[in-house]
Amino acid sequence: MSDLYELRCRECGKTWGNSPKSYCEDCFSPLEITYDYETLKKRVSREKLFSRPFNMWRYAELLPLPEDFSPPNATGGTPLVPAANLAARWGVKNLFLKNDAVCFPSLSFKDRVVGTALVAARRFEFATVGCSSTGNLANAVAAQAAQQGFDACVFIPADLEPAKVLNTAVYGARIVRINGNYDQVNRLCAQIADRYQWGLVNVNLRPYYSEGSKTHGYEIAEQLGWRLPDNVVVPVAGGSLITKIAKAFRELVTLGWVEEKPVRFFGAQATGCSPISSAVKRDLARFEPQKPNTIARSLAIGNPADGPFAIKLIRESGGWAEDISDREIVEAIKLVAETEGIFTETAGGVTAGVAQKLILEGRISREETTVVCITGNGLKTTGALTAEFPVTEAIAPRLEAFEAYLDNQLTYAAGFNR
Amino acid sequence: MPVTIEIPTAFRRFTDGAPKIDCGASNIAGALNELTTRFPLIARHVRDDSGQIRQFLNVYLNEEDIRFLGGESCAVKDGDRVLLVPSIAGGI
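Residue numbers (our numbering), protein chains in the order written: chain A, 12 to 429; chain B, 549 to 640.
Watch out, some of these pointers could steer you wrong.
To be verified - Here are some, though not all, of the chain A residues that point toward chain B, as calculated from beta-carbon distances under 7 Å:
{"hint": "1", "residue": "Tyr34"}
{"hint": "2", "residue": "Phe39"}
{"hint": "3", "residue": "Ser40"}
{"hint": "4", "residue": "Arg198"}
{"hint": "5", "residue": "Val214"}
{"hint": "6", "residue": "Pro246"}
{"hint": "7", "residue": "Leu252"}
{"hint": "8", "residue": "Pro300"}
{"hint": "9", "residue": "Asn304"}
{"hint": "10", "residue": "Ala316"}
{"hint": "11", "residue": "Pro319"}
Don't read these hints as lab results, they were simulated from the structure.
Quick reminder that beta carbons are idealized off the backbone N, C-alpha and C, glycines included.
Next up, chain B with everything else stripped away, as it sits in the complex (with noise of 0.2 Å):
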């Protein structure tokens, strides 16, 4: 079973609509780079001028925020959901 990457809705006009793609990479880093490689018009908007992640998007490894989990060199299995979520504000 491959790692599976969800693409919210305002992605997918970059993803020829497609909701989640697949991928066989072995870590964070290198699912996003299946993705934007496959779907060159998304990868401006998943990292900045600086290669870095943008400041607003997050992406979280199943549950959790790659940041917790040593960020984008983390390790992904078979199986795994990636989720790119834009950053929501809640609270004061």
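Pulled out of the complex, with its shape left as it was, chain A reads as follows (with noise of 0.2 Å):
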């Protein structure tokens, strides 16, 4: 191949070059990119790595990019935040947050994959991206089209969340809202792509896509001093960072980056739309799609197609699933921001609660390195929050009038420990 990468069907193993197509002809199994690591490893080191910035473009050997590739932006090179007070209040010892609930440039880890099928959509001469989305993808994708140059018509299910529209509305982007859940989204636009010649980042891009995902983990590794967690726990939706974030470690293995060790996948999923971690823990041989019921709607995913790669990584690495009720996720965004200072949207409350879960279980050791996958920023689901925190009574601004709240509250507080 004239590039270092290309397509391979993920069951039959047939190539295809490089194209905009994400399932195999033959077979119509999953596409993914596949790499001349032989080569990657004579031109990239980890040394050649230093004097670029800290973001997902240092990576670029590693991704499907072309030889000419100048990165268009600084996304990426999100924080791996030692999380000492939760660690302490889960009784762990090394935990981290991989934190890209602050990721440029509209802050979730969906401006990773955006990044690289974008490149790949000018590859291909695509005048129009779009995607389906639970709102995270649909704003990633609006602001680099904006920026980038491309039109953008997005497709989303009506009832997402107020602040995930207007946050790919304020780009300019088209919005068509569909009367239906995300997987019915999901299919319409599986016949759009089949129609029309647009490119969907999550359809027809979706191989070079998701490569993107695998920046989450070289991060991670690199965060790590160029060491590899005993435990990660990911958000699983349609299941395809969780693999991908594997497929980073796996790499940075073969590239000799890092020691090869076990790492432990753990897949976390709202008890209201959980298909992977069901078929998990009843050690199903395929999963049951569900009707999502969450609020967590970033994961509302009932037919996830990466769903038997999540399910087999995660049964082959000894790691587990596990699935938290709405009232854990609302308890868990409090608790992560109330220790470690990040607010993080549903979805990360759900992989937070489920880590808890897990350690609390015994599933993840407290004496292991652990990783949980923070993707997505609570900015823009302030509404499962807003009953937590009804709105106060207003003071006159005078000192007896502060005095008199501050007795009120003493008294209250005095009621509420007796």
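Combine the two chains into a complex, taking the hints into account.
Right, here's the structure in full:
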């Protein structure tokens, strides 16, 4: 191949060069990007990265990018936060939050996948890009399309959180609201991609798009001092991110950049949409699709296309999958905010809450290094918390009023503690 | 009005280019069998070695995934559309 990468079927292994397609036309299984690792080993090293800015493009050679690629933005490079307060609360030694709630430019890990998808869209000469989205992806597509001069058209379930809709509209993207859940939107987009010459990032550009997820994993390893963690807790919706973090770790081992070690992968879902955790816990050969009903809309995918791969990875790595209720999601969001000063969206609440559950169940060892992947920002899903924080009564701008207020608070607290 | 099976572009090389196939089956299994009987080359792309619908192929009756309708045994009637859609992931 002239590129050092190309499409390959994940089931039958047939290669397809580079083109905007996401499934094998022989066996209809998903395609993914494969690389010429032997050549890559000679072209890039850890040392070569030192002089590059800390963002996702520092790993350019490990992504499906053209040789003359120049970074269009500074996506990625998010903090790996040592979560000492949360670790103390949970009684674990080494806990980190990989905080993509502050990913540039649209405050979710989706900025990474859109980054690589739009490079592919340019290569394949699409003028219009789009996606099916539960919100974050639409935000990321709209923002980066605006910056890079693409027309954007995104398809979303009609009942999406208002903040996520506004955060797409502001960039000038066309928004098509669909009366249906995400899985129905996704099906429609598959049909649209079949008929129109559009670059739908998570449909016909999907193999290129999902490679961007690997940078979340590369960064974790680099930020741990080029070491792999023992455990990774990952939110699971379509099942892509967890498998791409695993791919990133495998690649780093192949390149000799980290020492090989077993890493256990744990999938986090909301009980109201838990086809993958349900399959893992019930030891099913195939997951059973579900109709989502959860406040964690960004994880509300009842028919996860990468589900079989995610389930296989979780099982083979010695990990597990768990799910928590909407109430537990809200409590976990508050816990992460109160202990670590990080406000994550509902998906982050799922991941943190499931991590807590796995630790309490003894499935994650308290002695090991665990990374919890936070993928989105709480400012986009404030509606989930509105009832938690009712508006307090205002007081007059006078010292006496404040003193009366304090007295009231102390009286209330005393009554509460009694 | 018969039941119509809609064929995605990538499948059409197995159906002589036909985008739609009409059939007279009474349930999904019958409709798929009619399709694979008329176009034997498509058979191994629809079902795996154990005879199950391939894991990465979704079958819809009108707007609904057949797995929510009882699977292949669910009944079809005149005017129904059966869609074959490769499984495409979204989300995280």
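The hints, checked one at a time:
1. With its C-beta approaching chain B no nearer than about 4 Å, A:Tyr34 sits inside the 7 Å limit, and its interface hint holds.
2. Residue-level restraint check for A:Phe39 holds (minimum Cβ-Cβ distance to chain B is 5 Å; threshold 7 Å).
3. Below 7 Å, beta-carbon pairs count as interface contacts, and A:Ser40 has one with chain B at about 5 Å; its hint therefore holds.
4. The criterion of a C-beta within 7 Å of any C-beta in chain B is met by A:Arg198, whose closest approach is roughly 6 Å, and the hint holds.
5. Interface hint at A:Val214: satisfied, since its Cβ lies 5 Å from the closest Cβ of chain B, which is below the 7 Å cut-off.
6. For A:Pro246, the interface hint holds, since its Cβ comes within 7 Å of a Cβ in chain B; the closest pair sits about 5 Å apart.
7. For A:Leu252, the shortest C-beta to C-beta distance to chain B is roughly 5 Å, which falls under 7 Å, so the interface hint holds.
8. Residue-level restraint check for A:Pro300 holds (minimum Cβ-Cβ distance to chain B is 5 Å; threshold 7 Å).
9. With a least beta-carbon distance of about 14 Å to chain B, the hint placing A:Asn304 at the interface is violated under the 7 Å criterion.
10. Checking A:Ala316 against chain B: minimum C-beta separation of about 3 Å stays under 7 Å; hint holds.
11. Checking A:Pro319 against chain B by beta carbon gives a least distance of about 6 Å; that is within 7 Å, so the hint holds.
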